[in-house]
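Based on the hints, put chain B in the right spot on chain A.
Chains A and B, in that order, give the protein sequences. Residue 87 in this note's numbering sits at position 87 of the first sequence, and the numbers go up by one each step. Residue 142 in this note's numbering sits at position 142 of the second sequence, and the numbers go up by one each step.
Straight line, CA to CA, 20 Å or less: simulated PhoX-like cross-link-like pairs of lysine-lysine: (1) A:Lys41 - B:Lys62; (2) B:Lys112 - B:Lys166; (3) A:Lys17 - B:Lys120; (4) B:Lys9 - B:Lys62; (5) B:Lys55 - A:Lys41; (6) B:Lys9 - A:Lys53; (7) A:Lys17 - B:Lys112; (8) B:Lys112 - B:Lys163; (9) B:Lys166 - A:Lys17; (10) A:Lys17 - B:Lys163; (11) A:Lys41 - B:Lys9; (12) B:Lys62 - A:Lys53.
A few chain B residues that face chain A, going by a derived Cβ cut-off under 10 Å, partial list only: (13) Arg17; (14) Lys166; (15) Trp169.
Listed next, the stretches of chain A that the computed footprint assigns to chain B, with coverage defined by at least 3 CB atoms under 8 Å from CB atoms of chain B: (16) 10–18; (17) 31–41.
Simulated from the structure, these hints should not be mistaken for laboratory data. Cβ atoms here follow ideal geometry from the backbone N, Cα and C, with glycine treated the same way.
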Amino acid sequence: MANYPLPDDDRLFGLIKETFDTLPGPEMARLNQFEQRLNRKLPDRKSISVIKKIPWWVVLMFGCSVVAATWWAGDILNNQKPVQVEEILPVESNDIEQTNNPDQRSINSISPTEEDHLETNYDDDSPIIYQRENF
Amino acid sequence: MPDAQQLLKRYCQSDDRSAFNTFYRQQADRLWRFLVARGCDESHAYDLLSESFLKFIQVICKDYRSPLALLYKIAINLQIDDYRRKKISPVDIDNSAVDNYSEFLEESSDMKDYVRRLIKTLPEREQNMLLLRYWIGLTHKEIAVNMNIPEGTVRRQCADVIKALKQRWLDNADG
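Next up, chain A with everything else stripped away, as it sits in the complex (with noise of 0.2 Å):
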């Protein structure tokens, strides 16, 4: 049976140290192995680190410029012309269909003296072929 003195506490310690100190290593290769996997795969630092490096004061500056710019556009924009918008006024319904056709408007709105110039000058080789007469 083993049956060994209790150490004092100092000894205990160093028995602690000793005994997994002393266990068997590691495969060296394999670790190397690793290392140079560990290597491709750190992060590159430079990159952050050269984002920390900027002062805080051009930080500032570049962010008083972005609120700046910011306000400029919109006191340009607010600086526009409003768009007019026209009063639709209420018409009557003869209007409106005169409006929606342009033919039926054309002859209707034709003059007592444009209907003596058309008789007057009828012949056979106008495109009119035909004309309302009046009675």
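Chain B in isolation, oriented as in the chain A frame:
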């Protein structure tokens, strides 16, 4: 020889990869032994070691004041996750039954083996604390950060672990 904190400061601030490599060479060997001492089989200890360092490099530059505490915390957490997945305990003997660990201790070949076996009879959490404090050499404060408990609690628990270890030593000597 520069300490771990200085090496990682150089890596994080100046992108000095050789400093990180030096840190790796200083720590990889001992971390592997730690994982094996905590019950991990040798081939799987390599996997956990690599995984621990991969996680470590992702977070170390956020705060490099206690790199060893962080590295071992990652390794311990990975090992716990691994055991949960495998559903086995790192200590495969019943700690509550003195007779069982007496037999276990009787098989020790020398005093170092006896100490190692004696420590293995402690609960997992106490083993971690003992190894981190008296082997790896973390301070009480670093262990407190590692285990998320107050520093005073760590001091008291470390003293309790040593007391328990001594008691088991005496019990076995008497028995």
